[in-house]
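Sequence order for the protein chains is S and R. The numbering used here applies: residue 40 is where the first sequence begins, and numbers increase by one. The numbering used here applies: residue 61 is where the second sequence begins, and numbers increase by one.
Just so you know, these hints were derived from the structure itself, not from any lab. Since the structure is predicted, the reported quantities are computational estimates derived from the model, not experimental observations. Careful, some of the hints might be misleading.
Unchecked claim - For lysine to any residue, the following SDA-like pairs were computed, each having C-alpha atoms within a straight-line distance of at most 20 Å: (1) S:Lys61 - R:Leu324; (2) R:Lys349 - S:Ile138; (3) S:Lys158 - R:Asp356; (4) S:Lys61 - R:Lys319; (5) S:Lys158 - R:Ala307; (6) S:Lys158 - R:Asp333; (7) S:Lys158 - R:Thr193; (8) S:Lys158 - R:Thr384; (9) S:Lys61 - R:Leu325; (10) S:Lys158 - R:Ser240; (11) R:Lys349 - S:Lys158; (12) S:Lys158 - R:Arg330; (13) S:Lys158 - R:Gly334; (14) R:Lys319 - S:Pro89; (15) R:Lys349 - S:Glu134; (16) S:Lys158 - R:Leu302; (17) R:Lys319 - S:Glu134.
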Amino acid sequence: MKFSDRPILLVEDDQVDVMTVKRALRETEVANPVVNLENGEEALRYLRDPQSARPCLILLDINMPVMNGIEFLRVMKQDARLKRIPVVVLTTSGEQQDIGSSFDLGVAGYMSKPVDYRKFVEVMRTINAYWSVSEVPL
Amino acid sequence: MYSIQNQSLLLKSPALILLIVCLSVFVSEAVVMLLLYSLPQLSLVSDAILDATLLIAIVSPALYYFLFKPLVVHIREREQIEEILHKNEEEQFKVMIRTSLDAFAVTDTDGRILQVNDAYCRMMGYSREELKTMSTADIDVVGATEEKHDVGKLIETGSDRYELHKRRKDGRIQIVEVSSNYSKLNGGRVYSFMRDITERKQAEEQRDRLLREVEGANEELRNFAYVVSHDLKAPLRAISSLADWLATDYADKFDDAGKEQMRLLINRVRRMDGLIDGILQYSRVGREKEAMVRVDLNHLVKEVTDLLAPPANITVTVEGELPTVVTEPTRIQQVFQNLISNAIKYMDKPEGRIRIACSPEGELWKFSVSDNGPGIREQHFGKIFQLFQTLAPRDRVESSGVGLALVKKIVEMYGGQVWIESTVGEGSTFLFTLPRATSIPTQGANA
Chain S
40 MKFSDRPILL VEDDQVDVMT VKRALRETEV ANPVVNLENG EEALRYLRDP QSARPCLILL
100 DINMPVMNGI EFLRVMKQDA RLKRIPVVVL TTSGEQQDIG SSFDLGVAGY MSKPVDYRKF
160 VEVMRTINAY WSVSEVPL
Chain R
61 MYSIQNQSLL LKSPALILLI VCLSVFVSEA VVMLLLYSLP QLSLVSDAIL DATLLIAIVS
121 PALYYFLFKP LVVHIREREQ IEEILHKNEE EQFKVMIRTS LDAFAVTDTD GRILQVNDAY
181 CRMMGYSREE LKTMSTADID VVGATEEKHD VGKLIETGSD RYELHKRRKD GRIQIVEVSS
241 NYSKLNGGRV YSFMRDITER KQAEEQRDRL LREVEGANEE LRNFAYVVSH DLKAPLRAIS
301 SLADWLATDY ADKFDDAGKE QMRLLINRVR RMDGLIDGIL QYSRVGREKE AMVRVDLNHL
361 VKEVTDLLAP PANITVTVEG ELPTVVTEPT RIQQVFQNLI SNAIKYMDKP EGRIRIACSP
421 EGELWKFSVS DNGPGIREQH FGKIFQLFQT LAPRDRVESS GVGLALVKKI VEMYGGQVWI
481 ESTVGEGSTF LFTLPRATSI PTQGANA
């Protein structure tokens, strides 16, 4: 990651998936702290709280209770202060409809969570490699 | 001089003059007769002729008897015939209305029932006498149909068609299609033919309901694929990750048997993942529509072969030229990919040969993918195209059992057929057809 002091916001409700992401990040030696929130509503509350550290990347699950990923994107991309934070969707859904809606809402990437943990680590490695090179708005 | 000449002519040849007079009378009668036949049958003309004849009879009895009497007889006869015909016609109409399967009623503009046929009585369950004391307001169920029957509109336009709900004597509601005509004779009469369309309406409603149900089921199926992809895969991924961490973090605590069990556990998780992917792939065919484009199958088959990267001992050859077809590229690729990858996967000969060919057959292209692999026994020919059916144990050849089912679904979606010819030990040939109507032959193809 370009800014190793800024947190990665992980919007994900499945406990094992959270463990998987954290472990994969550790294995790929990503030092950024991970802030985990369980749904879109909580994520918005965090992002709009002036006390919170602004994340360098949001990893977003689609299927979540209360406010799902797509609904979260709709609100977030309307918010001038939040819309520039890069969002990478990290989900099980390979449905064209979800992929289309996500890109319509300006996501920076869309990754399917592989069932195989080793492949999951590769996905995280790729995300980290890309966001280490890519410029990010402050 | 002129009058003298005339006088002399009259004296000289009275016979000739009589002849001329007769002739002219006949000619004029003939003209009148002709006029009579050609003129529209107006009673005014006939009456005028009869009056003229009476006048002529007074003036000249001779002329009446010899010339005009036949005409009078003719007119009288025709009037009689017309009267008979008229009565006959009335009788015919009465018979028609009586025998009609459709109900018929005559009402006045206030809706009072004046006349009905047997079919109407049967339809409403009332006797003729009962009906003649009733009006349409006693029978019609107002507000049941959106289409409102309006007498005013009928009087204005002369005829109308509409649907009505009518209540029978036994209380049953009948849906009726009505065709009405208005005549202003006798102070205004409405003549209506009615047909019972209750059954048709019920059938239509049932069909609509079934359609809605099918649509609902389809929607459910679409959601099912989505649920399968997420809700089944999420716990599966968790099992996979946890098993992987157990095997890594506690490697020193597992003995060989424990490690083997972990390996089997992770392997089964992957297999289940493959099955779920198969279901999703299978359900996407026909659901996710792609644009129909021209696909050069020579290129496509080469791409598919390169992608599959067959081992060095297996050769894949295309015999002759393949056509260019208009189709969904992903789908046709799935067909060739599954057939060729099966041939590679199950190859048991040291020198594997896979041949792809195509020939026109009437309205169809017939494609074939042949191999010199193990072959399949005839009793399995049907089974192999079913979802999740595999012939080799999954531990020996990892297979989801979706490939051939997918091929079958795609080929049949395009209106083709797929089948197999095989000899055990010598190899198999998978054949499928596609309609040529949506394909364009390339140059040099044997079209």
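Worksheet item: Keeping to a limit of 20 Å between CA atoms, is the pair of Lys158 of chain S and Ser240 of chain R held or broken?
Response: Status violated; Cα separation ~76 Å.
Discussion item. For a C-alpha distance cap of 20 Å, please report whether Lys61 of chain S and Leu324 of chain R respect it.
Written reply: This hinted pair is violated, its Cα atoms lying about 26 Å apart.
Fill in: Satisfaction of hint between Thr384 of chain R and Lys158 of chain S, Cα-Cα up to 20 Å
Violated, at about 38 Å.
Discussion item. Can you confirm whether the C-alpha distance between Lys319 of chain R and Glu134 of chain S stays at or below 20 Å?
Written reply: violated (36 Å)
Worksheet item: Within a Cα-Cα threshold of 20 Å, do Lys319 of chain R and Pro89 of chain S meet the stated pairing?
Response: Distance ~50 Å between Lys319 of chain R and Pro89 of chain S Cα, so the pair is violated.
Worksheet item: Under the criterion that the straight-line Cα-Cα distance not exceed 20 Å, is the pair Lys158 of chain S, Asp333 of chain R satisfied?
Response: The hint holds at about 13 Å.
Discussion item. Can you confirm whether the C-alpha distance between Lys349 of chain R and Lys158 of chain S stays at or below 20 Å?
Written reply: Outside the cut-off at roughly 30 Å; violated.
Item to complete: Sort out whether Arg330 of chain R lies within 20 Å of Lys158 of chain S, counting only the CA atoms.
Response: Holds. Lys158 of chain S to Arg330 of chain R sits at ~12 Å (cutoff 20 Å).
Discussion item. Just to be careful, I want the Cα atoms of Lys349 of chain R and Glu134 of chain S compared with a cutoff of 20 Å; is the pair within it?
Written reply: holds (13 Å)
Item to complete: Would you mind confirming whether the straight-line C-alpha gap from Lys158 of chain S to Ala307 of chain R stays at or under 20 Å?
Response: Holds - the C-alpha atoms of Ala307 of chain R and Lys158 of chain S are around 16 Å apart, at most 20 Å.
Discussion item. Next pair to validate is Lys158 of chain S with Thr193 of chain R; report whether the Cα-Cα distance is within 20 Å.
Written reply: Answer violated: Lys158 of chain S to Thr193 of chain R is near 88 Å, above 20 Å.
Discussion item. Does Asp356 of chain R sit within 20 Å of Lys158 of chain S, going by the straight-line distance between their CA atoms?
Written reply: violated (35 Å)
Of the numbered hints stated above, those contradicted by the structure are hints 1, 3, 4, 7, 8, 9, 10, 11, 14 and 17, listed in ascending order.
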